[in-house]
Amino acid sequence: MASKLKLITDGLVKNNPTFVLLLGMCPTLATTTSAINGLSMGLATLFVLVLSNMAISLIAPVVPDKVHIPVYIVVIATFVTLLQFIMQAYTPAMYETLGLFIPLIVVNCIVLGRAEAFANKHGVLESACDGLGVGLGFTCSLTVLGLVRELLGAGSLFGHNIIGGNDGMLLFVLAPGAFLCLGYLMVLFNKLFKK
Amino acid sequence: MEYFLIIISAIFVNNIVLSQFLGICPFLGVSNKLSTASGMSMAVCFVITLATLVTYLINQYLLVPFKIEFLQTIAFILVIAALVQMVEIVLKKVSPSLYQALGIFLPLITTNCAVLGVALNVVTKEFSFVEGGMLNLGQALVYAFATSLGYGLAMVIFAGIREHLSLSDVPKSFKGVPIAVISVAILAMAFMGFSGMVK
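Which chain is which? The protein sequence lines are E and P, in order.
Number 1373 marks the last residue of the first sequence (the numbering used here); no jumps.
Number 203 marks the last residue of the second sequence (the numbering used here); no jumps.
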């Protein structure tokens, strides 16, 4: 039990996909224009990550080594399509906002990376925990980045105006602000967690 | 005129890396040296154009007539994976020197989100400056090629910056990727100067 808990917490800090492993940069930068967008993108990835990790840990023993990558990609793509249906049905507005980056979860290196590095060698439960941990790490990073960008760019948090007036620095919502915030958050992360 | 607008828009105004955030992983991963950066750009350019051609045709003549557009994601990623493999085999036979030059970049392209991103963009996005909003085959190919040129441009500029960056003395926490990401921010600001040129 303790080892499973450790798998989850590892994903948050030690194996944090955004700040340590530097994986999945495209959705990280593109969808964090506000905290809620970042959170939604993180949860969407978490969903695919847990399910694909579980499925892959089940089928890994019977998949021939030569074709394992295409097989994994098809499994991941199936879950992404499922996610697309669910989001279209229940959160159509968020589906529109995140747009292209929902189907692009297929090529998010985090998902295939965890399948290759973890799920194909471990049991279902461990793989689910690993997916959950890494997914939560990704969600946290995206939410934090979204919070910072929303605060600086629009002066609000989760859509609630807290600074007053609407004169945020637009730059932080636009493309350069994404890189700038991510860069400085990485510096902060290094300072705090790396010895 | 439309073609001209597509090209300017794809290379400068909506640069795939600096304003659409696609293909960032290889952009940060292999931009340490100018030579590897240009090799990667060449490979990406080749695959994006070819993949767009194939996926456009598949979408038009297979998915749309049968009303199964929701399979776009699965169908496109399979096509891209197969295509990359095929390009690898053909290139190995036809031009071993180019194959050598591209090296490990070719298999990596499958998971480059720029390829799938462009393929999906071409069939789903509406372009305001094109008649009717949707691209036809010719325009789609021009768009794909120009987009990949934009990718190469950003990649080569950034590799040049990074070669200088490696020589400069930066604080410990900034070393490596953080300072590179901050440099990209400045580069992206420069490219923002083009925004508004094409709607």
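Since the hints were derived computationally from the structure, they do not count as laboratory data.
All values reported here derive from a predicted model rather than from experimental measurement.
For glycine and all other residues, C-beta sits at the position ideal for the given N, C-alpha and C.
There may be inaccurate statements among the hints.
The following label-pair restraints were derived from C-beta to C-beta distances [as the list claims (entries may be wrong)]:
1) E:His1246 with P:Met90: 15 to 23 Å
2) E:Val1245 with P:Leu66: 44 to 52 Å
3) P:Ile72 with E:Phe1371: 31 to 39 Å
4) P:Asn36 with E:Ser1181: 31 to 39 Å
5) P:Gln64 with E:Ile1264: 22 to 30 Å
6) P:Tyr65 with E:Phe1371: 48 to 56 Å
7) P:Leu102 with E:Thr1269: 26 to 34 Å
8) P:Ser42 with E:Leu1303: 22 to 30 Å
Pairs of lysine-lysine, DSBU-like flavour, derived with a Cα cap of 30 Å [said to hold, decoys possible]:
9) P:Lys179 with E:Lys1192
10) E:Lys1244 with E:Lys1372
11) P:Lys97 with E:Lys1369
12) E:Lys1369 with E:Lys1299
13) E:Lys1184 with E:Lys1372
14) P:Lys179 with E:Lys1244
15) P:Lys96 with E:Lys1369
16) E:Lys1182 with P:Lys97
17) P:Lys129 with E:Lys1244
Looking from chain P toward chain E, a few residues come up when the C-beta cut is under 8 Å (computed) [claimed, not checked]:
18) Gly121
19) Leu145
20) Phe149
21) Leu153
22) Phe178
Ascending list of hint numbers which this structure does not respect: Numbers 2, 3, 7, 8, 10, 11, 12, 14, 15, 16, 17, 19, 20, 21, in rising order.
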